[in-house]
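With the hints as extra help, turn the sequences into a complete structure.
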Amino acid sequence: MLAANAAMYLQLKGVERNGLPGSAHAIEAHALLHVHRDKVLAGFGDSPTLGRKYRVVGDDSGRLYHALPISGEGASALPVFWMELDPATGAGTLGRVGSEVVATMEGGSHGR
Amino acid sequence: MAGRGQARSIAGRVTSWLVLVVGLAAILLLPLVTVMESPAWPREAEQLCGLAREQARAAIANGSWDGRGMLNLAPEELEGHHSYLYPLALAIGGADSTRVRVYAVSKADGGDAGFLYMDFDLQSKDSSIERVWPDPKLPRD
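Those sequence lines, one after another, are chains A and B. When we follow this note's numbering, the leftmost residue of the first sequence carries the number 1, and every step to the right adds one. When we follow this note's numbering, the leftmost residue of the second sequence carries the number 1, and every step to the right adds one.
Quick caveat, the hints were computed from the structure, so don't treat them as lab data. Possibly wrong hints are sitting among the right ones.
Only some residues are given here: those of chain B computed to face chain A with a beta carbon under 7 Å [what the hints assert, rightly or not]:
hint, residue
1, Tyr-86
2, Leu-90
3, Ile-92
4, Tyr-103
5, Val-105
6, Ser-106
All residues carry an ideal CB built from backbone N, CA and C; glycine is no exception.
Printed below as a string of C-alpha cells:
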C-alpha cells in the first residue's frame, strides 16, 4: 500500500511538473536573447551569443534576432524564438516563432 | 485462546486502516508541500553571480581586465546544481561607468524556472539583482 501511495505521489508530481510552463531550453533561449539585447545596447551586438542549446543570430537591419538550436538532437536552421529590438533604446518584444509575444522589454540605453 | 486471536485480528484491522488513512493523507498533503516549497535555483544563482562579481573584481585588480567591454568568466565557477552562469561579464552604462552585469540561468526542467542578472559596481559595494520569470505563455520545447 505504501508503494502504491509513493507511486501515486510520483505520478501527481509528474503531472504537476508537466503542467507548468517553461522548460530549461525555453528559459535559456529567453535568457540568451536578453543577454544579446544588453550586448547590442553596449555596442557588442555583432559578437556571437552562444548558449548550451541555442545561438542568437541577427538580420542586417539590427532589429530582428532569432534563437536557433545548435548542435545535438533537435539542431535545426529553423529559429525557435524571435526578438524585435530597437537597438537605440533596447525596447523590444520577444516570443516563440508561430506564437504570440511572450515578453516585452523596456528601453534604457547602456551606452558603450 | 480464541480471545487472543480475535484481539490480533482487530489489531491487524486497525493497523490496516491506519496505513490507509496515513497513505491517503500523504497523497493529499505531499503535492501541497511541493507547491509551497520555494524553488532552489534563485538563491544558488545569486551566489553564482556573487562569484562572477568576485572574478570580475579580481580581473580588475590583477590588470587582466580594464572594466570595459566584456570579460569571459572562468568555466570552473559556472555550474551549480540548479542553475549556471552565462560565461560573460558585460560592462554597462557607458564609457564612464563602472557598472557590470552578469547572468545566471535556471536549468530546472519546468517548474518555477527563470533567469536573473546581477548589476554591480566595480568600485563600490553597490549591487542589485533582477529576476526574470518568463511569461506563463512561454511554450515548452
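Results for each hint:
no. : hint    : in the structure
1   : Tyr-86  : holds (6 Å)
2   : Leu-90  : holds (6 Å)
3   : Ile-92  : holds (4 Å)
4   : Tyr-103 : holds (6 Å)
5   : Val-105 : holds (5 Å)
6   : Ser-106 : holds (6 Å)
In terms of the numbered hints stated before, the structure departs from none.
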